[in-house]
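J.: Reassemble the complex: the two chains are provided individually, in unrelated frames, and hints are given to aid placement.
Heads up: the protein sequence lines correspond to chains A and B, in order. According to the working numbering, the stretch in the first sequence is residues 1 to 88, in order. According to the working numbering, the stretch in the second sequence is residues 1 to 413, in order.
Read the hints as simulated data drawn from the structure, not as lab findings. As the structure is a computational prediction, the values presented were derived from the model and not from experiment.
No more than 16 angstroms apart at the CA atoms, straight line, and that leaves these computed lysine to aspartate or glutamate pairs for EDC-like:
no., chain 1, residue 1, chain 2, residue 2
1, A, LYS48, B, GLU24
2, B, LYS172, B, GLU204
3, A, LYS31, A, ASP9
4, A, LYS81, B, GLU24
5, A, LYS48, B, GLU135
6, A, LYS48, B, GLU134
7, B, LYS158, B, GLU122
8, A, LYS79, B, GLU24
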Amino acid sequence: MSVYKKYVDMIVRYYPDGTIRPMAVWWEEGKLYEIDRILDVRPAASLKAGGAGIRYTCRIQGHETYIWLEDNRWFVEAKGKPRSQEVS
Amino acid sequence: MERVILHSDCNSFYASVECLYHPEIRNKPVAVGGEPEHRHGIILTKNGIAKKYGVKTGEPLWKAKQKCPDLVIIPPNYPLYQRFSEMARKIYLEYTDKVEPFGIDESWLDVTGSAKIYGDGEKIAREINRRVKEELGITVSVGVSWNKIFAKFGSDYKKPDAVTVITKENYKEIIWPQPVEDLLYVGPATKRKLNGIGIHTIGELAAIKPEYLRAKFGKWGDVLHDFSNGLDITPVAEYDSTRAVKSIGNSTTTIRDLKTEEDVKMVLFVLAESVGRRMREQGFKGRELSVAVRDNELCTIAKQCKFEKFTNISSEIAEKAFWLFRKFYSWYRPIRSIGISVSDFAHDNIPTQTDLFCDERQRIRMERLDSAVDVLKRRFGNYCVQRASLLKEPTLTRFNPKDENTIHPIGYF
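So that you can see chain B by itself, here it is in the shape it has in the complex (with noise of 0.2 angstroms):
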């Protein structure tokens, strides 16, 4: 039987829950964005009126405001947003338990099943998107269709406030004609590669055989076979309020620009104990590490490794992060946020494997320290023990990643 599936972006979510607040700015262009003083001022969203100014997501405030010298730049409201995210779930959850988020404002809806009940795709789709504007006072866009990856580029190819299906009949002629990059997961790079090879469009990718793909790409060149031809398979998860934990993560835009190794390495301490109180406050080790750099063009590079052991040791951690970031790092640029993030999660009573070129008990001391230092701090505050390394230049490490959450989006695989 063929799947439906419905993919629900909220239009502009961050700004849309702004001007509902703010009657008073509805007509004009308005933008969500960071505190400049943290030099987290970038563009977070904008509205339809900022979008005709050339502003952009991602791009600095001042910068913005150069365009667009009327721009409302309001400063973020996680709590109030996360609150509007859950209403809208909470409807979606009404057609089917099959809801995945992927961030806060975009879900996939997996319908199949409930078409008996409320009829098809389209009609559920057009319910969804009645009920979202009435209810929560902002709009969505969704996209039906019967895998997860064309959902999404219906989802995207009318906004804001529309409905738009994509059946086995129409896909060739509403999909294929547009860009690469307007395929879920064509990035930049992926779009540069393919561009190269005379590929522009997804009707041009689907044609191209999958050896070829593959003997280009990997096993990357399967997937893209398969997104562009609509033969995608993955299910969509089935709705988890307590979803489990896949990983744990910090990043930080730092208050000045990282320009040599001791400013990483500083920071990457930082991040690391941050990480790793936190996988021990919950009982976890992991074994993936992955380190993301952006640089003050807000280009950003991920790189991933394996620990040899399950850890959760803070030093580990960041040596590991460092010697990771050295390895790929070249310094054309310098840095203005960093992250690092540890998943592929054990419980943290897993039995370890010794081996007879690593000090066990070394280690055993060091998992010993960690966890004095966790109640020093959990009891007199985050600064009452701090390594000397950090103490060369408080400014920069003064940040506590731990309690001021961040919000991160949730990737694909």
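Isolated chain A, as found in the complex (with noise of 0.2 angstroms):
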């Protein structure tokens, strides 16, 4: 299975210390999925998607998966073909 790099739009809580946790992830249209837990975070690349900042390990309805800041956009590991609109 090839897998891609996929920006997301996320739903992210700023607190007034400036730190930043990540709510939700914008999952194609309508398709809303809450962030159930973040089990860390560090800075880290990611060799299959091709990119480089913050990764946060969230679990998500049961399920472990890294989602990345970089620079001021988030991205996944996306699993499949990317969709034309979605090459960058």
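T.: Rendered as structure tokens:
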């Protein structure tokens, strides 16, 4: 299964001390996935998607998944082929 | 106490970052190179696969394509490399505040004082190597030694993705058998001279009496002696993110080769105006001028000279640069690129010692003229006022070095 870099629409909470916490991911139209728990935060590269930034290890509906914050955009390692409008 | 110095070098930096961002080309020969339409068409970096085909840094893109027809050439993306460079530096700064960058992809670290917290040099080197791989997705080679020169040698010794420790016990076996040109600052000219007197390896150089080297190379002789024997004691500078500006320079690869003095004069005026304008903006005057010329065979020569007085007057910089150029360049080949840089700065309100042979009023008028032109350019764009001499060939002189910023490597001294 091929993997590509997919930028995602995020809901993020900013705390008064400046820290941020991703709350939920908009996945395509109308599908909002809430992040149940953040298990780990660290700087890391994604060799599969091609990028580097702050990596959040999140639990979403029982599944563990990585979400990256790179500069000021969020991306995930998405499976399958990118749809034409996603190629940037 | 013996120092512990690391030199960390990102392997094929630009190409590695591009390969990280383009997973589909990771298994192909990749090079990062300038845009051919601007004639900046040379290889800046290549990955390991391209290296196997014999692709070399600095060679024109067409030549590289001949050697390796499948070569993937990517135009450079400097802001991205800058971001990675800063990310790497951030890791280094966790281990010591003495981090001295050497260009965009290399740094020295003095971790002498960190041993109690993080372990010995080798342990820190391995940790940095691992962390850069995990956090940045690129590899570094790290050299560990007790001086900067051998640390740098160590990072070049084994690549990519390696740690080399050079100790007082093993340096004679590792470094001394290597050719002299592997030593930092032994360039083609020094190599030729050393080979001429029968010195081919670093060990042979180390064995020569410093008096003899001094007679042959002047003060460089002592430097060579110290470098080859591991006696260099140059400290690793403390990292300062707001580092003081030491020099301001611009260079350009012109759209066609320069063949006459007239061509060079025009281009020097454009560069001098940019350098002068940047110096005035930042409030500097300088006293030292350096002119670098690269001919169409990619051989570079650089020469320096001093101004009699601190200056930031564009025309003074241009005329001095042209004078220096005429003194050292003998036109054995046409010129591909040329650059000037001014250093040895003082604040621009420094008092000037006048003398009988210089019309100081004229200089003040020139300064006023420059600042008037600066205002015009700021308000109406770079090309609103130009010297008539530049209009002889507008295609050659219509470039704006001030705003088309470039990245320059930093010197050791």
